[in-house]
Amino acid sequence: GDSVTQMEGPVTLSEEAFLTINCTYTATGYPSLFWYVQYPGEGLQLLLKATKADDKGSNKGFEATYRKETTSFHLEKGSVQVSDSAVYFCARGAGNMLTFGGGTRLMVKP
Amino acid sequence: NAGVTQTPKFQVLKTGQSMTLQCAQDMNHNSMYWYRQDPGMGLRLIYYSASEGTTDKGEVPNGYNVSRLNKREFSLRLESAAPSQTSVYFCASSEVGPGPYEQYFGPGTRLTVT
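If you're matching them up, the sequences are chains H and Z in order. Okay, so the first sequence: first residue is 1 according to the working numbering, each after it adds one. Okay, so the second sequence: first residue is 1 according to the working numbering, each after it adds one.
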C-alpha cells in the first residue's frame, strides 16, 4: 500500500544551523505531498504542500521540492530558530486521504 | 472561528469501560476524520466520513465505532476500552473535491486505559 518514510529523530541542532529532514514516498498514482508541524500539546497544522512534480512548497523559511525521479520531498530550512522545535510529519495525499510518515522530532538549542 | 474542537482533552479509563470522544468543526467542511497517534508511528486513520450520512473504515478500525451526527459533528466511541487503545486521538476535517485539500486538526484527546 501507500507509505511515507521519514528520517527518525530526534534531530538536535543549534540555533541558525541548516536543517534537512528526509522524506520519501511510494509513487503509486499522482499524489500530493505535504509537511505538517506539531508544536507541543497541539494538533497538526499544515506547513507547506506541493501538488505535482518539480513544485516547490515554502512557508516560514521552510522549503520542500516534489522530486518524482527520487520519490522524495525533503524539508529544508536555512537557519533554524528555537521556536522551530516541534515534530514534523511528511504526508502523501490521494484524493482526500492522507498517509503520514512516523514524524521527526526537531530540537533547536540556543 | 474555532476550527476543529475536541472534548475531552484528557481521559483515563479502566479496561472494559466505554466512552465517546466528541469532535465538531465550524468550517462547513464535508469530510471528517479520526486518527490515533502513537510514538514513532505517525498518525493512523481509524474512520472517516466523506460526507454527512456516510462513514468508512480506515487503517485501524477495530475496537471503535463512529457516528456522523450532522455536518458539524463526528464522534468516536470505544465500547470496551483496552490498554492497546492508549493513544492520542485527533479529529480532522477537510473539503472534498479534486483536491488536494488541507486537513485541519483539532488539539487532540489524550486517552489512557489502565
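If you are wondering where the hints come from, they were derived from the structure by calculation, not from laboratory data. Treat the hints loosely; a few may be bogus.
Said to hold, decoys possible - Over the 10 Å line for every Cβ pair with chain Z, so calculated as not near, a few chain H residues:
1. 42
2. 45
3. 49
4. 58
5. 83
6. 96
7. 98
Said to hold, decoys possible - Not the full set, but computed from the structure, chain Z residues with beta-carbon under 7 Å of chain H:
8. 27
9. 31
10. 41
11. 90
12. 102
13. 107
Where a beta carbon is used, it is the ideal one built from N, C-alpha and C, also for glycine.
How the hints compare with the structure:
1. Annotated as non-interface, residue 42(H) brings its C-beta within 10 Å of a C-beta of chain Z; the closest such distance is 6 Å.
2. With a closest Cβ-Cβ approach of about 7 Å to chain Z, residue 45(H) is found to fall inside the 10 Å limit, against its non-interface label.
3. At the 10 Å boundary, the C-beta of residue 49(H) falls inside the reach of chain Z, the nearest C-beta of that chain being 7 Å off.
4. No Cβ of chain Z comes within 10 Å of the Cβ of residue 58(H); the nearest lies about 15 Å off, and the non-interface call holds.
5. The claim that residue 83(H) lies off the interface holds: its Cβ sits roughly 19 Å from the closest Cβ of chain Z, which is beyond the 10 Å cut-off.
6. Against chain Z, the non-interface label of residue 96(H) is violated: not every CB pair exceeds 10 Å, the least being about 5 Å.
7. With 10 Å as the threshold on Cβ separation, the claim that residue 98(H) sits away from chain Z is violated: the shortest Cβ distance comes to roughly 6 Å.
8. Violation of the interface hint for residue 27(Z) is found here, the shortest Cβ-Cβ separation to chain H being roughly 14 Å, above the 7 Å cut-off.
9. Because the smallest distance between the Cβ of residue 31(Z) and any Cβ of chain H comes to about 5 Å, under 7 Å, the interface hint for this residue holds.
10. Of the supplied interface hints, the one on residue 41(Z) holds, with its beta-carbon coming within about 6 Å of a beta-carbon of chain H, less than 7 Å.
11. The beta carbon of residue 90(Z) comes within 6 Å of a beta carbon in chain H, closer than 7 Å, and the hint placing it at the interface holds.
12. At a threshold of 7 Å, the smallest CB-CB gap from residue 102(Z) to chain H is about 5 Å, leaving the interface hint in force.
13. The interface hint given for residue 107(Z) holds, since its Cβ lies 5 Å from the closest Cβ of chain H, which is under the 7 Å cut-off.
The earlier numbered hints that this structure contradicts are 1, 2, 3, 6, 7 and 8.
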